Amino acid sequence: MSPNRPRMTKGRSFVQQLVLVFFLVLLWVMLWDSVSLLSILTGVILALVVTRVFYLPPVVLSGRFNIMHAAVFGLWFVYSLVHASVEVAWFAFRRRAVGAGSVIACDLRTSSDLLMTLIADTASLIPGSIIIDSDRALGILYLHVLDCDSEEKIRTAKAQVYHIEELLIRALGSHRDLAALRAIPDPMHQHGGEG
Amino acid sequence: MSQIVLDVLIVAASVLLAASAVMALYRIVRGPSILDRMIATDVVLASIMCGLGGYMALSGRTDLLPVLIVLAMLGFVGSVSVSRYVSKSDSMTPGAEAGALSDFSASDWHMPKSSDEAGSGSGAGAGSSASSGAATDSDAWPDDVARGIANVADGPEAVTVRDEEPVVGLDSGSDPEPADAHEAEPADADEAELGTESEAVAAHPAGEDSAPKREEEPFDEHADVDGEGLGTGPDPGPADADDGPDDSDEGRGAP
Amino acid sequence: MILDIISAVLILLGGVLSLAAALGLLRFGDLLSRMHASAKPQVLGLLVVALAIAIQFPTWATVTTLAIVISFQLVTIPVATHMVGRAGYRTKHLRRSMLYRDELAEAVDRAEARELAWERQRGTGTDHHDG
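Chains as they are written, first to last, in numbering that gives the first Met the number 0: chain A, 0 to 194; chain B, 0 to 254; chain C, 0 to 130.
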């Protein structure tokens, strides 16, 4: 689609396969609850077989992983999960139940597939928003937000999605994404009257 | 003393989990659509997983952990499979015809009928800004622009292309185009992610050009919402759920 | 013993979340809202119960297995909710009256209007569409 995606060179592709095999072996070892030569060996064999037989199209990683920002993202995610779960549980118990929702569009600054997927996943996991549709080429996510019947709540919901995007770009975005992040630090007030 | 506290806590947790399963069961029975039933099944599954985890924690056995793994890995397959193939005709409880306006009326789309539903007023107002707020049955706005659904009778003739008409596919545009058509094209191809609605729009201009009865039908937005009119065969499912590039020629010229 | 009580409290919390989800299923008005309610116990409820198990069996084997369970849940729940949500939005299960603002519909409208304008320009039998 976009001609500016980083090229998948042979080197990148090999490293990617290696990373995939490593995580599969890790999963195998964890399932068997034993770190022995036998389990690692069988894990490697099975991982190689699986990645050959069920060949997935390569995901273009950006090659950048900032552990600090990833930890920040993880902590914010857990906090937000708990907070939003309590909020939605409160909706279920209170008298008024829930009002109208909204389908909002969030114009993301990144256009990378992996980041869009992660943002959509995170937004879906945090109770209160569900990803309904996406426009991959334009980089727009459409989410349904629970109990969102005023402009203020729409703004809050969009701000949360942009915050997720910012945290993820800082954690594992490419340099282009980082530049886009710097160029548009506050997408709520950037475009005239968005949100 | 602490044993009593423990027992009370365990009993309370079990009662809550059982109650949640029973309430979800009510939704399974009652749910007006199959999707409601599927998400209620997911809640039952989640309650089972919590119950299993609780049992493991409190009875001191971990040999049930693989069960938890399998449930976590594969518990979503039911919902995904059903939602992949849900179609207009499958999802109503028996006794209601497909296309019956049970949940809401046609006016919810563009005309706020009353102001008590706070949602439809501003929602319709915002949504119909492009369609210039057709106050009447979309006379002011050409039919097939109003949500891509025209006043189509639910009949095979409405979507069948007759022999004597030239079939102009939307992707057969090879004439020299003015500039703005070129910039409309890539933007529209990009919106092919909205898969099934593209089929509705694609089906309509081809078969709709000479359908004579569209003015007589009331505006029925259910007709062919997903391109599932009776003449289009089995429901193909969401078009962009297939792998492979589908925004090159399948959705070209259609959102 | 105190560990047992902590585990029991955590499991009770999981039970409360499941109850909230089921109540939401009953009380919320339309399909999309109910879906928000149903996804909750699958995430936080399971997290809390996994914590309870990890407290009881603090061995590496159990903890890694629980990490696997949680990560699989985190990966599969958004997929399921998205698929159901998309199907619910596109078919008639959507209650328009329960939507305050629908920016997806606006985008689709815009795209269709563009499409119609383009098609008109090409002159493909557009005379029928005028009024």
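Some hints here could point you the wrong way.
To be verified - Every beta carbon over 12 Å from chain A, so not counted as near; a handful from chain C, in silico: (1) I4; (2) R33; (3) S70; (4) A112.
Stated by the list, open to error - With a straight-line Cα cutoff of 20 Å, these simulated SDA-like cross-link-like pairs (lysine to any residue) come out: (5) K152(A) - S79(A); (6) K152(A) - G28(C); (7) K9(A) - T50(A); (8) K152(A) - E105(C); (9) K152(A) - R93(A); (10) K9(A) - R51(A).
Since the hints were derived computationally from the structure, they do not count as laboratory data.
Since we're looking at a predicted model, the values are computed, not measured.
Beta carbons: idealized from backbone N, C-alpha and C, even for Gly.
Taking the hints in turn, this is what the structure says about them:
| no. | hint | result |
| --- | --- | --- |
| 1 | I4 | holds, 21 Å |
| 2 | R33 | violated, 10 Å |
| 3 | S70 | violated, 9 Å |
| 4 | A112 | holds, 16 Å |
| 5 | K152(A) - S79(A) | holds, 16 Å |
| 6 | K152(A) - G28(C) | holds, 19 Å |
| 7 | K9(A) - T50(A) | holds, 16 Å |
| 8 | K152(A) - E105(C) | holds, 19 Å |
| 9 | K152(A) - R93(A) | holds, 19 Å |
| 10 | K9(A) - R51(A) | holds, 16 Å |
Hint check: violations occur at hints 2, 3; the rest are consistent with the structure.
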